[in-house]
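Asks: Full structure from sequences and hints, please.
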Amino acid sequence: MPILLALLAAAGGIVFWMMRARNAAHAAHAAQDLADMAGDVMSAARRFGFRRRHDEHPVDSLQDRNVAVAGIGLSFLEMGALPTAEQHEALLISLQHRLGMTEPAAREAAILGRWLMQECSGAQQGLTRLARRLYKLGGANGFSALMDVLRDVAAKAEGTLAPRQKDALEEIGRIWKLR
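Residue numbers (this note's numbering): 1 to 179.
Derived by calculation from the structure, the hints in this document are not laboratory data. Source: prediction; values computed, not measured. We put the beta carbon where it would ideally sit given N, CA and C, even for glycine. Treat the hints with caution; some may be incorrect.
Unchecked claim - Straight line, CA to CA, 25 Å or less: simulated SDA-like cross-link-like pairs of lysine to any residue: (1) K166 - L82; (2) K136 - A85; (3) K156 - S144; (4) K136 - P83; (5) K136 - L82; (6) K177 - D60; (7) K136 - R164; (8) K136 - M147; (9) K177 - A85; (10) K156 - P83; (11) K156 - L82; (12) K136 - R65; (13) K156 - A85; (14) K166 - T84; (15) K136 - S121; (16) K136 - D60; (17) K136 - K156; (18) K166 - R114; (19) K166 - G122; (20) K156 - Q63; (21) K136 - E119; (22) K166 - E103; (23) K177 - R107; (24) K166 - E89; (25) K166 - G138.
Claimed, not checked - Distance ranges between label pairs, derived from CB positions: (26) H54 - R20: 38 to 46 Å; (27) P104 - M19: 39 to 47 Å; (28) M147 - H57: 20 to 28 Å; (29) S121 - T84: 45 to 53 Å; (30) G13 - A162: 49 to 57 Å; (31) K136 - F16: 56 to 64 Å.
Replies: Here's what the structure looks like:
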């Protein structure tokens, strides 16, 4: 009997250390994913010449209208139901066609736009702040391109627009003083 207990204890110890090693490997993989994501944001920021000033919000440091449109498009997507891969692809394709961006530039604009949206603490605040910044950067010039991108994104949505998306369109109208 004592030998059987010793074997069970040894097997339990082996299982415990194997699980611990596996969890450590998962944690290392997750840390690498975070590092890769941070690297993606940094390279996208470099590509668009984004320089964050420490005395102001990151959105207020933005100087590229295309990144603002990408961030607004992502915020608009997040306000609906869970965005699908097809909707993300529709956004990237729309950025390429409507703004004349290359595919890598559109992906980097989306990466930086998502980071800016997250810095605003969510999609609603991100959309409002990015839309105000886009208005300051381009005035009325940025409105038609933005609406074309949002129309393309909305066309890929299943069904009709969500109430939050309708509110977002009204907010954009208020920012551009259309209402």
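Asks: Hints first: check each against the structure and report whether it holds.
Replies: Now the hints, each set against the structure:
1. K166 - L82: holds (16 Å)
2. K136 - A85: violated (31 Å)
3. K156 - S144: holds (19 Å)
4. K136 - P83: violated (28 Å)
5. K136 - L82: violated (30 Å)
6. K177 - D60: Holds - the C-alpha atoms of D60 and K177 are around 20 Å apart, at most 25 Å.
7. K136 - R164: holds (24 Å)
8. K136 - M147: holds (16 Å)
9. K177 - A85: violated (33 Å)
10. K156 - P83: holds (10 Å)
11. K156 - L82: holds (12 Å)
12. K136 - R65: holds (10 Å)
13. K156 - A85: Within the cut-off at roughly 10 Å; holds.
14. K166 - T84: holds (19 Å)
15. K136 - S121: holds (21 Å)
16. K136 - D60: With a Cα-Cα distance of about 10 Å, the restraint between K136 and D60 holds, given a limit of 25 Å.
17. K136 - K156: This hinted pair is violated, its Cα atoms lying about 29 Å apart.
18. K166 - R114: holds (20 Å)
19. K166 - G122: The given pair, whose Cα atoms are some 17 Å apart, holds under the 25 Å limit.
20. K156 - Q63: violated (29 Å)
21. K136 - E119: Given pair K136, E119 holds - Cα atoms ~19 Å apart, limit 25 Å.
22. K166 - E103: violated (29 Å)
23. K177 - R107: violated (30 Å)
24. K166 - E89: holds (22 Å)
25. K166 - G138: holds (23 Å)
26. H54 - R20: 38 to 46 Å: holds (41 Å)
27. P104 - M19: 39 to 47 Å: holds (41 Å)
28. M147 - H57: 20 to 28 Å: Since M147 and H57 have Cβ atoms about 25 Å apart, the given range 20 to 28 Å holds.
29. S121 - T84: 45 to 53 Å: violated (24 Å)
30. G13 - A162: 49 to 57 Å: holds (53 Å)
31. K136 - F16: 56 to 64 Å: Since the Cβ atoms of K136 and F16 sit about 58 Å apart, the hinted range of 56 to 64 Å holds.
Consistency note: the structure conflicts with the earlier hints numbered 2, 4, 5, 9, 17, 20, 22, 23, 29.
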